[in-house]
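Colleague: The task is simple: from the sequences and hints, build the whole structure.
The sequence shown begins at 121 in the working numbering and counts up by one.
It is possible that part of the hints are untrue.
Label pairs and their in silico Cβ distance ranges [what the hints assert, rightly or not]: (1) Glu215 / Gly241: 50 to 60 Å; (2) Gln236 / Glu298: 53 to 63 Å; (3) Ser266 / Lys181: 36 to 46 Å; (4) Ser266 / Ala300: 55 to 65 Å; (5) Gly241 / Ser156: 37 to 47 Å; (6) Ile140 / Ser254: 14 to 24 Å; (7) Lys274 / Thr310: 57 to 67 Å; (8) Thr310 / Thr148: 54 to 64 Å; (9) Lys224 / Ser182: 29 to 39 Å; (10) Gln233 / Ile140: 20 to 30 Å.
I should point out that these hints are in silico values taken from the structure, not numbers from a laboratory. All C-beta atoms in this analysis are idealised placements derived from N, C-alpha and C, irrespective of residue type, glycine included.
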Amino acid sequence: MRQLRKKFSRPRMLWDAKLIEEDKAILTEFGLRRKSEIWKVKETVRDFRRRARELNAIRDKSKEQVLLDKVNKLGFVKANSLDDILSLGLRHVLERRLQTIVFKKGLAKTMKQARQLIVHGHIAIAGRRATFPSLLVSTVEESQISFYGNFTLKEPQVEEPKAKPAEEGAETVESATENAESQELKEEVTA
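Modeller: Put into structure tokens, the structure is as follows:
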């Protein structure tokens, strides 16, 4: 049986104004729905950095290489050393989510639309349907993201507003320009 464990930890000060503003900006920028999504990503970053600090202390080259390969495969940073992993931030991980990549590739017009397309099953990675916006996409899979099946995103038809019919006795465009020119000539003569 699978062991269930907590996927995030809440911030110590939930009502900190600075933290609320930062979270709000991240929510809108990356199209997230709730703050627990931010907390999960922060936990992921925290885990990678913790593992890098531990490996830095014990100096195990094989385990260090495994961690570097994983970070490079996911495309968070171009990691050549553990110091690169220690500089890993929240935005590095959020940039690698399926939702963000679908938007950046132009498959969706907005982040929220990208999320909707994924949840409704219209996005596939290498032909397999992906329904999780939070899926971390590897650099290899990034080029294989496309619409699922024969789905295409249609451009909305923008209708131009129709001109109202002119009222009887209304001035036409030609007569209006002639009147304006004659007014200018009269002003020049009187000046």
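Colleague: Okay, Ser266 versus Lys181 on CB: inside 36 to 46 Å?
Modeller: Check passed, 39 Å falls within 36 to 46 Å.
Colleague: Just to be sure I understand the hint, the distance between the Cβ atoms of Glu215 and Gly241 should be within 50 to 60 Å; is that true here?
Modeller: Violated - the Cβ-Cβ distance for Glu215 and Gly241, about 23 Å, lies outside 50 to 60 Å.
Colleague: For the range 29 to 39 Å, tell me whether the beta carbons of Lys224 and Ser182 fit it or not.
Modeller: At roughly 35 Å between Cβ atoms, Ser182 and Lys224 fall inside 29 to 39 Å, so the hint holds.
Colleague: A range of 54 to 64 Å was offered for this pair. Does it hold for the Cβ distance of Thr310 and Thr148?
Modeller: holds (59 Å)
Colleague: So does Ser266 sit 55 to 65 Å from Ala300, Cβ to Cβ?
Modeller: holds (56 Å)
Colleague: Holds or violated: 20 to 30 Å for the Cβ distance of Gln233 and Ile140?
Modeller: With Cβ atoms ~26 Å apart, the hint holds.
Colleague: Could you say whether the range 57 to 67 Å given as a hint is met by the Cβ separation of Lys274 and Thr310?
Modeller: holds (60 Å)
Colleague: Measuring from beta carbon to beta carbon, are Gly241 and Ser156 in 37 to 47 Å?
Modeller: For Ser156 against Gly241, whose Cβ atoms are near 23 Å apart, the range 37 to 47 Å is violated.
Colleague: Just to be sure I understand the hint, the distance between the Cβ atoms of Gln236 and Glu298 should be within 53 to 63 Å; is that true here?
Modeller: holds (54 Å)
Colleague: Is it true that the C-beta distance of Ile140 to Ser254 lies inside 14 to 24 Å, as the hint says?
Modeller: 22 Å Cβ-Cβ, so the 14 to 24 Å window holds.
Checked against the numbered hints above, the structure violates hints 1 and 5; every other hint is satisfied.
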